[in-house]
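Visitor: Sequential numbering of the sequence shown, starting at 1, is according to our numbering.
Warning: the hint list may mix true and false statements.
Claimed, not checked - So the derived label-pair ranges between C-beta atoms look like this:
1) 54 x 24: 16 to 24 Å
2) 30 x 67: 30 to 38 Å
3) 66 x 17: 32 to 40 Å
4) 65 x 17: 16 to 24 Å
5) 65 x 15: 26 to 34 Å
6) 29 x 54: 16 to 24 Å
7) 64 x 34: 18 to 26 Å
8) 25 x 54: 16 to 24 Å
9) 30 x 66: 28 to 36 Å
To be verified - Below 27 Å or equal to it, Euclidean Cα-Cα: the simulated DSSO-like pairs (lysine-lysine) are:
10) 52 x 28
11) 67 x 52
12) 24 x 67
13) 24 x 55
14) 28 x 55
15) 52 x 24
16) 41 x 55
I should point out that these hints are in silico values taken from the structure, not numbers from a laboratory. Predicted model only: the values in this text are computed from it and were never measured. The beta-carbon is built from N, C-alpha and C at its ideal position, and this holds for glycine as well.
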Amino acid sequence: MCPPPWSPITSLIVNSQNEIEIGKEHEKHTFNVPTVVSLPKGLPHFPIVCNKVDKPYGVVQVGLGPKYEARWID
Numbered sequence: 001m002c003p004p005p006w007s008p009i010t011s012l013i014v015n016s017q018n019e020i021e022i023g024k025e026h027e028k029h030t031f032n033v034p035t036v037v038s039l040p041k042g043l044p045h046f047p048i049v050c051n052k053v054d055k056p057y058g059v060v061q062v063g064l065g066p067k068y069e070a071r072w073i074d
C-alpha cells in the first residue's frame, strides 16, 4: 500500500472505504485508514466489502491454522 513515490505521509492514505460485519448480530465496522482486523477462532465474520475506492490498494488475508475450515452460520 505504498504508492510511488513512497513517503510516510502517502503510505497512510488508503483512499478507500471498507466495511466488515462481525458476530451473529452482523455488527458493522467501517474503516478508511490502514487497518488490521484480528478475529478469535469461532467468531462469525463476513467478507470485507469495499464501498468506495479512489486508488488501487491491496488486501492480505492470513490464516494461522494448519488447514482452512469454514462453518455456515444460520
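Visitor: Work down the list of hints and note, for each, if the structure agrees.
Guide: The hints, checked one at a time:
Hint check: residue 54 to residue 24, Cβ distance near 33 Å, so the stated range 16 to 24 Å is violated. The supplied range of 30 to 38 Å is met by residue 30 and residue 67, whose beta-carbon atoms lie about 31 Å from each other. Our hint of 32 to 40 Å for residue 66 and residue 17 holds, since their Cβ atoms are close to 34 Å apart. One distance hint, 16 to 24 Å for the beta-carbon pair residue 65 and residue 17, is violated here, with the actual separation near 30 Å.
Take residue 65 and residue 15: their Cβ atoms lie about 32 Å apart, and the range 26 to 34 Å holds. Against the hinted window of 16 to 24 Å, the Cβ-Cβ separation of residue 29 and residue 54 comes to about 20 Å, which satisfies the hint. For residue 64 and residue 34, the Cβ-Cβ distance of about 21 Å falls inside the hinted range of 18 to 26 Å, so the restraint holds. The beta-carbon spacing between residue 25 and residue 54, approximately 31 Å, falls outside the hinted interval of 16 to 24 Å.
Take residue 30 and residue 66: their Cβ atoms lie about 33 Å apart, and the range 28 to 36 Å holds. Distance check on the hinted pair: residue 52 and residue 28 sit about 16 Å apart at the alpha-carbon level, within 27 Å; holds. With a C-alpha separation of about 32 Å, the suggested pair residue 67 and residue 52 falls outside the 27 Å cut-off, and the hint is violated. Proximity of residue 24 to residue 67 is assessed by CA-CA distance (about 24 Å); at most 27 Å being required, the pair is judged to hold.
Among the hinted pairs, residue 24 with residue 55 is inconsistent with the structure: their alpha-carbon atoms are about 32 Å apart, more than 27 Å. Proposed proximity of residue 28 and residue 55 is supported: the alpha carbons are some 23 Å apart, at most 27 Å. Pair hint residue 52 plus residue 24 holds up; C-alpha atoms about 25 Å apart against a cutoff of 27 Å. The hinted pair formed by residue 41 and residue 55 fails the criterion: a straight-line CA distance of about 32 Å is larger than 27 Å.
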